Structures are given as C-alpha cells and as structure tokens.
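J.: Given next are the chains, with one letter for each unit.
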Amino acid sequence: MPYISNTDRDRREMFAKIGIENFDELIQTIPKKLRIKDGLKMDKALSELEITEKIKGKTCQNLCVQNVNSFLGAGVYDHFIPAAVDYIISRPEFFTAYTPYQAEVSQGTLQFIYEYQSMICELTGMEIANASMYDGASAVAEAILMAVRKNHLLKALIPESLHPEYYRVIKAYTEGIGVELVRVPCSNGLIDLDKLAEMLDETVGSVVLQSPNYFGNIEDAHKVSELVHKEAKCLLIACVDPISLAILNAPSEYEADIVVGEGQALGNSMYMGGPLFGFFATKLNMSRLMPGRIVGGTIDKTGARAYALTLQTREQHIRRGKATSNICSNQSLCTLAATVYMSLMGRQGLREVAIMSTQNAHYLARELTKIKGIEMRYPDAYFFKEFVIKTPLPAQKIIEMMLSHGIYAGVAVAENELMIAVTEKKTKAAMDEYVSAMQEVSNA
Amino acid sequence: MPKTIFEHSSPGRRGVRLPACEFDTPLEDLIPKKYHRKSIARLPELSELDVMRHYIKLSHMNHFIEKGLYPLGSCTMKYNPKINEQLVRHSCFADLHPYQPESTLQGALELLYELQNDLAEISGMAKVSLQPVAGAQGEFTGIKIIDAYHKAKGNTHKTKIIIPDSAHGTNPASCSLVGYDVVEIKSNSEGRCDIDRLRELVDENTAGFMLTNPNTLGLFESQIEEIAEIMHSVDALIYMDGANLNALLGIVQPGKIGFDIIHFNLHKTFATPHGGGGPGAGPVGVVEKLVPYLPVPLIEKSDNGYHLDYSHETTSIGKVHTFYGNFAVLVRAYIYIKMLGAEGLRRISENAIINANYLMAILKDYYHIQHQEYCMHEFVADGTKQKKENNVSTMDIAKRLLDKGFHAPTVYFPLIIPEAMMIEPTETESLESLNAFAQAMIEIAQECAQNPELLHEAPLSTPVRRVDDARAVKELDPIFKIQE
Numbered sequence: 025m026p027y028i029s030n031t032d033r034d035r036r037e038m039f040a041k042i043g044i045e046n047f048d049e050l051i052q053t054i055p056k057k058l059r060i061k062d063g064l065k066m067d068k069a070l071s072e073l074e075i076t077e078k079i080k081g082k083t084c085q086n087l088c089v090q091n092v093n094s095f096l097g098a099g100v101y102d103h104f105i106p107a108a109v110d111y112i113i114s115r116p117e118f119f120t121a122y123t124p125y126q127a128e129v130s131q132g133t134l135q136f137i138y139e140y141q142s143m144i145c146e147l148t149g150m151e152i153a154n155a156s157m158y159d160g161a162s163a164v165a166e167a168i169l170m171a172v173r174k175n176h177l178l179k180a181l182i183p184e185s186l187h188p189e190y191y192r193v194i195k196a197y198t199e200g201i202g203v204e205l206v207r208v209p210c211s212n213g214l215i216d217l218d219k220l221a222e223m224l225d226e227t228v229g230s231v232v233l234q235s236p237n238y239f240g241n242i243e244d245a246h247k248v249s250e251l252v253h254k255e256a257k258c259l260l261i262a263c264v265d266p267i268s269l270a271i272l273n274a275p276s277e278y279e280a281d282i283v284v285g286e287g288q289a290l291g292n293s294m295y296m297g298g299p300l301f302g303f304f305a306t307k308l309n310m311s312r313l314m315p316g317r318i319v320g321g322t323i324d325k326t327g328a329r330a331y332a333l334t335l336q337t338r339e340q341h342i343r344r345g346k347a348t349s350n351i352c353s354n355q356s357l358c359t360l361a362a363t364v365y366m367s368l369m370g371r372q373g374l375r376e377v378a379i380m381s382t383q384n385a386h387y388l389a390r391e392l393t394k395i396k397g398i399e400m401r402y403p404d405a406y407f408f409k410e411f412v413i414k415t416p417l418p419a420q421k422i423i424e425m426m427l428s429h430g431i432y433a434g435v436a437v438a439e440n441e442l443m444i445a446v447t448e449k450k451t452k453a454a455m456d457e458y459v460s461a462m463q464e465v466s467n468a
Numbered sequence: 042m043p044k045t046i047f048e049h050s051s052p053g054r055r056g057v058r059l060p061a062c063e064f065d066t067p068l069e070d071l072i073p074k075k076y077h078r079k080s081i082a083r084l085p086e087l088s089e090l091d092v093m094r095h096y097i098k099l100s101h102m103n104h105f106i107e108k109g110l111y112p113l114g115s116c117t118m119k120y121n122p123k124i125n126e127q128l129v130r131h132s133c134f135a136d137l138h139p140y141q142p143e144s145t146l147q148g149a150l151e152l153l154y155e156l157q158n159d160l161a162e163i164s165g166m167a168k169v170s171l172q173p174v175a176g177a178q179g180e181f182t183g184i185k186i187i188d189a190y191h192k193a194k195g196n197t198h199k200t201k202i203i204i205p206d207s208a209h210g211t212n213p214a215s216c217s218l219v220g221y222d223v224v225e226i227k228s229n230s231e232g233r234c235d236i237d238r239l240r241e242l243v244d245e246n247t248a249g250f251m252l253t254n255p256n257t258l259g260l261f262e263s264q265i266e267e268i269a270e271i272m273h274s275v276d277a278l279i280y281m282d283g284a285n286l287n288a289l290l291g292i293v294q295p296g297k298i299g300f301d302i303i304h305f306n307l308h309k310t311f312a313t314p315h316g317g318g319g320p321g322a323g324p325v326g327v328v329e330k331l332v333p334y335l336p337v338p339l340i341e342k343s344d345n346g347y348h349l350d351y352s353h354e355t356t357s358i359g360k361v362h363t364f365y366g367n368f369a370v371l372v373r374a375y376i377y378i379k380m381l382g383a384e385g386l387r388r389i390s391e392n393a394i395i396n397a398n399y400l401m402a403i404l405k406d407y408y409h410i411q412h413q414e415y416c417m418h419e420f421v422a423d424g425t426k427q428k429k430e431n432n433v434s435t436m437d438i439a440k441r442l443l444d445k446g447f448h449a450p451t452v453y454f455p456l457i458i459p460e461a462m463m464i465e466p467t468e469t470e471s472l473e474s475l476n477a478f479a480q481a482m483i484e485i486a487q488e489c490a491q492n493p494e495l496l497h498e499a500p501l502s503t504p505v506r507r508v509d510d511a512r513a514v515k516e517l518d519p520i521f522k523i524q525e
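Listed in order, the protein sequences are those of chains A and B. Quick note: the first sequence, position 44, residue 68 per our numbering, numbers continuous. Quick note: the second sequence, position 78, residue 119 per our numbering, numbers continuous.
To be clear, the hints were calculated from the coordinates, so they are not data collected in a lab. Every value quoted in this text rests on a predicted model; they were computed, and no experiment measured them. Keep in mind that a hint or two might mislead.
[As the list claims (entries may be wrong)] Computed list of lysine-lysine pairs in DSBU-like fashion (alpha-carbon distance at most 30 Å, straight line):
id, chain 1, residue 1, chain 2, residue 2
1, A, 421, A, 394
2, B, 330, A, 41
3, A, 68, B, 297
4, A, 325, B, 192
5, B, 201, B, 168
6, B, 428, B, 515
7, B, 168, A, 78
8, A, 65, B, 297
9, B, 108, B, 44
10, A, 174, A, 219
11, B, 429, A, 325
12, A, 65, A, 41
13, B, 44, B, 79
14, A, 346, B, 227
15, B, 192, B, 168
16, A, 247, A, 179
17, A, 174, B, 44
18, A, 78, A, 41
19, A, 449, B, 79
20, B, 98, B, 74
21, B, 74, A, 219
22, A, 68, B, 123
23, B, 405, A, 56
24, A, 247, A, 257
25, B, 330, B, 192
26, A, 61, B, 168
27, B, 75, A, 414
28, A, 65, B, 79
29, A, 41, A, 68
30, A, 179, B, 192
31, A, 195, B, 405
32, A, 174, B, 522
33, A, 219, B, 192
34, B, 74, A, 394
Bound-form chain A, shown alone (with noise of 0.2 Å):
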C-alpha cells in the first residue's frame, strides 16, 4: 500500500495497546446505517507506472504554448522564467511545510514573506503589503472591502475597462455586504473622465482603476487620481500589473490609496489559469484594516532579529466573524516563486523584461495594421504589451484560422475584435510568422 507504512503486524500491535480486536471498534459512534454498504465506485488503483502512462494520455491531448506561438494574455502572460525558480519552490523545506504559526521552526518561510512583500511595495511605492490573496479578481474584490471598512461607503466604481471575469468575483465577493457597484464607462478604450467627474459624490467609496487595463490601454492614472481624491473619503484602488512598474509610473506617483494586481507573470507557470496569486499592498495608516497574512521584523528572546506573523487579531482565527477577510491558506509557494524571480531579475532585467515586452508588442502592432482590414481599435490610446485590433473578419473565425497554422492568435473581445498580448519572449521572427498568417488568413 503506497504512503502507509503500517503493516498487520504493525496494527496488531497498536490495537493491543488501544485495547480493541479490531478496526470497527474505533467507529462505533458511525451508526451502521450511515456507512457505506459496497464500498466507493471507482476506478482500480493504479501504480506508479500506470498513473504515469495515463497522465501520458492526457498531456497528449492538449497543445501547449511551447508548441505553437502563442499571444494570449489577458490577465495571465507566458513570460520567460527562470530554471532558478522552480529549483527553490520545489524544495521540500518550502514545499511541503505548513503555514509559519510555529515561527522557531518556520524562519525561512517568514523571511521570504518580508522579502516579498519589501518586493511588492518597492514596485508599488506602497508601506505595507500582505503576504497574498487568491488571485488579481479576489484582490480587488477585498480592496473594495477594506475601502468600506475605512470610509464606510457602500459605493465603488468599478470602470468598463476592467478585466471582465474580476469582475464578475467582485460582485460574487461584494454583494453580500451589500455594496452597490456602479460601471463607469469608457471612451476610446480607456476611463471617461468626464462620466468618471459625473459620477464621483460623497457617497462613492471606492473607484478601481486597472492599469494596463483589460484592453492593455495606460489609463491616465493621475487625472483619474485626481478627480477621485476631490472626494475626501474616496480611496483610489489601482489594479497593475507588476512587470509594468518596472517602467511604468508606481501607484504611489498617483497617489493611489490600495494597489492590488495579478502576480503570476512573476515567475509562476500559467498552469491553465491556476494557482494564481494576488499582491496587495497599502499604506501603513490601513494596516489594521488590511486581509491576510502579514510578516513582520522582530526579536527572539536572545535579542537576535527574527520574523513572525503579525496583526493576526484581524484574521478568521481571533477575530472569526468579525475578522476583515475569511482567507487562511493563500498562494504561499507561488509568492515564492514571484520573489525568487525578482531577486534573480534584479532592477535591470525587470526593465528588459517590460521594455522588450512592450518593444515587441508595439513591432508586431505596426506590422499588423498594414495588413488591408486591420486597424488599431484605440488608434489613440498608448499600450503595454497588449493592444487589440479590428479584423475584418469576426476574431472567432482568425481564431480558428490561426490555429491551423500552429497560433494561437489572441482573445475574442468583441466580434471583431482580437486582443493580442506579447511579451519578451517572442522573437521577430515568431511576430513576422504572425503577421504573414494573418496577411493569409483575413484575405481569405
């Protein structure tokens, strides 16, 4: 029997010492009647050998993005990792421990947390941040929360341009404690602020501002910031992406009040959309109405500086029904993976990674609207790495069509639109095979 190492013998030995003859003693308080009569219906138990010759029949099935060329992103991103990386993350010592709640036995855990989040409020410009969310969606949906913990307005802003399936885990997350979410439009692919002006009263709480937004457009975070903070009360969440702020203004610039984003493009694997992990981070004068696990800096009873979770009495196991978020386990191991990554980045090969992102996305932009048909969607909005296009045939059907010559051309966002996300993998090379298919596949 794999991963049990009692053998009859063995239970021989321990029933003596409990005293019983045999198993069913030990559940007698299971009535007959509630137990399973003919056991489970399952497959027969498979080996070693077997599992891996049936997960062989799986992994054939699906047509990964090493073995096309790929430019999906919209919230998850194929960038280059590391080999680095996941040699740390799949050590035992970090893999397999439990959350740090003995800090004695659990200092390499913790100090990788500090590390972590000194990270994300570098990046950010922020003074705390938590050791992680679930992923981008739930990290807005609990700035939205602790924004009504500290103003206690039931209002938030939630923009046109923001990722669409987050938002659809805001309200899920929100709607129970009765938030009222209000759209805000858009105009040319990025916030109207004439609408956002409009809007804005001392009843709004809160105002998300995704930037890159979904359509990979850079909102102007700092008019945004600014109609927003005529409201006294009115806290700005900025939702980034972190390879961006290696060259992109930090949330501090604009004076956002909670940054939030989608961490996986630090060093994790896309793994079909999960584990993800969300960062979050704010200043110091709201950390006691912050979610999640925090670590901070202390002593041990020598002196010696050491590390521990902190503020716990906010979390589910002081605080319970009152605590400021239900979360217990995170997205530990992939914060792992994301500080890793940036150590081994450093200050430098974080800005290669955003400027040959976005070197390459604008390349593969120009080449593609000289293509008859094609033109930009928000011909006056600046991009990221990511930008849509019109087509002249519906996105589904160039979806399709690329497949077909080993692409995967990008993702559906409106009938005829396709948006199309590069990051610093992609060669020229791999964008002119890109551009020449497309050239094929929309005069057809």
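We have chain A; now place chain B onto it with these hints.
T.: Same frame as chain A, but now just chain B:
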C-alpha cells in the same frame, strides 16, 4: 538570522541574462514620458549563485513533512507523493493558457471532468465545482449557494446561520462575508452538537448550519440524521466543512447522510503540498437541488468532447476565481485518487484513525484528555494538568516539541478546550514515528514536573529562540527599508 536578500545586493550583478532586444525605438516614442516611473524600482542585484545560496540558507530554517512528523490537528499534514510533482510539471499542463481554444485543452478538461466525478462519488454529492482555490473560499462558495437557494425560493426572511463553538474561524468569517448573522451553538458535554439547544435556536429565519464532521474534537457527529431533519424542517441547508474528511473516505458519504453541501481541502485529504500556506484547493460538492447554483463554468462532456459549461449562468452564484481554480493542485489530487482507488482511500482513513487512537492510548496517561472515547483521525489533549501542577503552558510544551525535532500540534484550538493540543498524526506516519513522537511527549511531561524552567526557556535548539510576537505588532516592521 541571515541577512535579507537586499543586504546581499551589489550594483551591477545579474542573475539572468536576457536576449538582446531586436528593436531600439526610444521608449518615450512608444509611451510618453509622463507615464514612466520616476525612479527605478530598487530590486536587489545578485548573481544566480548568490540567490540560490540565500534561499537555500532560508530553507534550512524550516520544518517540513520530509523532516519529521507534523501533527497539526485539522491540518492533515500527510506525506505528499513525489510522482505528483514530476507529472504535474509536464509542459502540457504547466504551459497551458486558460483562453486556449477548447480543442487544445481536451486532456486537461477530461482530467478535471473525471476529478469532478470522483469527488462527487467520494462525498456522495450530485455534482462538484473545482473552482474554489482554498478551504475558506470553498466555504464562501457554499454559503453563497445557500444564499442563492433561499433567494430563488423567495426565502428572504432567512438571515442567520448556526455554527458550533468548536468550528474553525473561517466558518463565521465566511458567513459574515455573504452577509449572514452567525449564531453560535455550544457543544454538549459529549463534545457534540447539543440537539435540544439546536431545536431552540432553529426557526424560520435559519438559513443553514455549518458542521465539521468529524468535529474539531475528533468526534463523529452521530446525530447527524436528526440534525438534518431539524434543519430541513425549516428549509435550512446543512453545510459540511470537509477539513476533517480524512477520517471518512470510503466509510461515510456525507451527501448520503443529510449534508447538502461540502467543501474538500485537497491540500489536506488529497495529499497536495501546503506550500508554506498555499496554494491549496477547496472544491465544493452539492446535492441535486443545489446544482443550478454552482459557480460557472463546470466541466461537461458532449459528443464533441469536453467543454467549459456556462449553461446554468443565470442561476449560478457567478465566479469566485478569475479562471477555473488551482489547476496544478487539482492535477496532483487527481493522480493521488487514481493511485489509491476505492480500497486505498478507505485504507487511508482507517489508518489515520488507528494512528490517532494509538497515540491517544499512550498519551492519556500523561496529559489530560477531556473526551476519552475512541477518536476519529485526531484527538484533543490539553496542558491543564501541567498548567496547574507545574505552571507550564501548552505554548511551552509546543515549543519544547520543536527542540525534539517535531512540529507542534495545533494549540489553543478548539477554543472550547483550555490549553488545547489538537493532535493529528495522519496515516502516513509509521509505528516507529508515532512511538518517537509519543516518547517526546512523555519526556516533556516529565520535564514539566522536574524542570519547568526548561519549558519556559524552550525552544533551545531551533534556528531562533522564542520569537517575540508582541513586539512584531507593537513595533510594526512589515518591509525592509532599502538604504541607497
């Protein structure tokens, strides 16, 4: 303590070299200057070896399952099979994008479909959603489903959910998040739900009841049928917190004994690694009448193969995750279940129960145990005897265990047992390993009597000595101050 990674930084060092950029348009020609950040993000600068040494050094300061027994009650710290790690890392799992055409994801979708069905069979539920990424998110999803059910039936008067005082903190926190009032019910002298009290508490305003079974005292809630009858008589639903499902595999199907909803902790029962706090997975199973409310999408099979199914969108609670849940965790649990089969799963629970009872049988002579009947997969001992006789606290005992190479049990929980030590050895520990742990606990009991000061000083041999938690709060220091 080792320095932080920032203190190892030296200007100009690189851990990665990227290919040369093939384009050299000035960045400000692509994105105007006003959008550029004003100063560089001061990430550390190190060589690959520097980075490796730093994190390997940190890793040496952790306890982990391959190092020694990890008896955290209700956390189910069992061994995590290595074949899972090898197989899940296949590029045709790791490098899948969630928005790929479904035709290119057939293997992944088939795997998820089979896992949905296997979990449904294990729990006796009609249908399972794999989307929630943690136990607490599973609870939240389950309570949202309760809410959606009542809203659909026009049960607008239902405002409260009943939770035992022995429940995990996530239970009331999840209810609050959905907007329910939480009513706590005291456990009876047998450590179980007090049925008479439950009858008094339940009324037309009751939306549901959350019950962990076996409960956090390690006891099976034998009166579950009666509880179900009481709840269903006012159209309230019963939620099972599946944190302790490791006791019931192949023995009881919760969906067949009265429960309407259950969440699974795949990172407990189904052997996926805890990762220092996550990622886990918290799938949710429901009985037939609640299927319309499950999150979208579910994985379904048709003549054209497997697909992401959104057909119940209008009744669904919506989404709790950006995509389809923690796929990489789900793959590991799938492999584990397929390798065990029906008989193997039952053997897991049997041995988990035997191991816990064996430890309890040894330790009851040294530590006070409130509920002495046979336990399920875990039991709660406590330090009240040592506290009273030796002025040694459960925290001291926990810290002394660290000195002896073991992780501590879950301490001071459940809240209803003073000085609680909740012990769950799991089925993967051998007789020798249980004996070694028991021996350490016995030695500690003796040390409490002979040398209590030693206990107050503990731990003595860990990478750091007892950590000052209070100072971490009073002098909050959540980030390293980069000096440049």
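J.: Does each hint hold? Answer for all of them.
T.: Checked hints:
1. 421(A) to 394(A): Distance ~20 Å between residue 421(A) and residue 394(A) Cα, so the pair holds.
2. 330(B) to 41(A): violated, 46 Å
3. 68(A) to 297(B): At roughly 23 Å apart (the allowed maximum being 30 Å), residue 297(B) and residue 68(A) satisfy the hint.
4. 325(A) to 192(B): violated, 54 Å
5. 201(B) to 168(B): Holds: residue 201(B) and residue 168(B) sit about 26 Å apart, inside 30 Å.
6. 428(B) to 515(B): holds, 28 Å
7. 168(B) to 78(A): holds, 24 Å
8. 65(A) to 297(B): holds, 14 Å
9. 108(B) to 44(B): holds, 24 Å
10. 174(A) to 219(A): holds, 25 Å
11. 429(B) to 325(A): holds, 25 Å
12. 65(A) to 41(A): violated, 34 Å
13. 44(B) to 79(B): Holds, because 28 Å separates the two Cα atoms, which is no more than 30 Å.
14. 346(A) to 227(B): holds, 19 Å
15. 192(B) to 168(B): Roughly 21 Å between the alpha carbons, so the hint for residue 192(B) and residue 168(B) holds.
16. 247(A) to 179(A): holds, 21 Å
17. 174(A) to 44(B): violated, 36 Å
18. 78(A) to 41(A): violated, 42 Å
19. 449(A) to 79(B): holds, 27 Å
20. 98(B) to 74(B): Given pair residue 98(B), residue 74(B) is violated - Cα atoms ~41 Å apart, limit 30 Å.
21. 74(B) to 219(A): With a Cα-Cα distance of about 26 Å, the restraint between residue 74(B) and residue 219(A) holds, given a limit of 30 Å.
22. 68(A) to 123(B): Holds - the C-alpha atoms of residue 123(B) and residue 68(A) are around 21 Å apart, at most 30 Å.
23. 405(B) to 56(A): Holds, at roughly 28 Å.
24. 247(A) to 257(A): holds, 17 Å
25. 330(B) to 192(B): Holds, at roughly 14 Å.
26. 61(A) to 168(B): With Cα atoms ~21 Å apart, residue 61(A) and residue 168(B) stay inside 30 Å; holds.
27. 75(B) to 414(A): Answer holds: residue 75(B) to residue 414(A) is near 28 Å, not above 30 Å.
28. 65(A) to 79(B): Roughly 62 Å separates the two Cα atoms, so the pair is violated.
29. 41(A) to 68(A): Violated: residue 41(A) and residue 68(A) sit about 34 Å apart, past 30 Å.
30. 179(A) to 192(B): Holds. Residue 179(A) to residue 192(B) sits at ~22 Å (cutoff 30 Å).
31. 195(A) to 405(B): This hinted pair is violated, its Cα atoms lying about 50 Å apart.
32. 174(A) to 522(B): Holds. Residue 174(A) to residue 522(B) sits at ~26 Å (cutoff 30 Å).
33. 219(A) to 192(B): violated, 34 Å
34. 74(B) to 394(A): Between residue 74(B) and residue 394(A) the Cα gap is close to 27 Å, so the pair holds against 30 Å.
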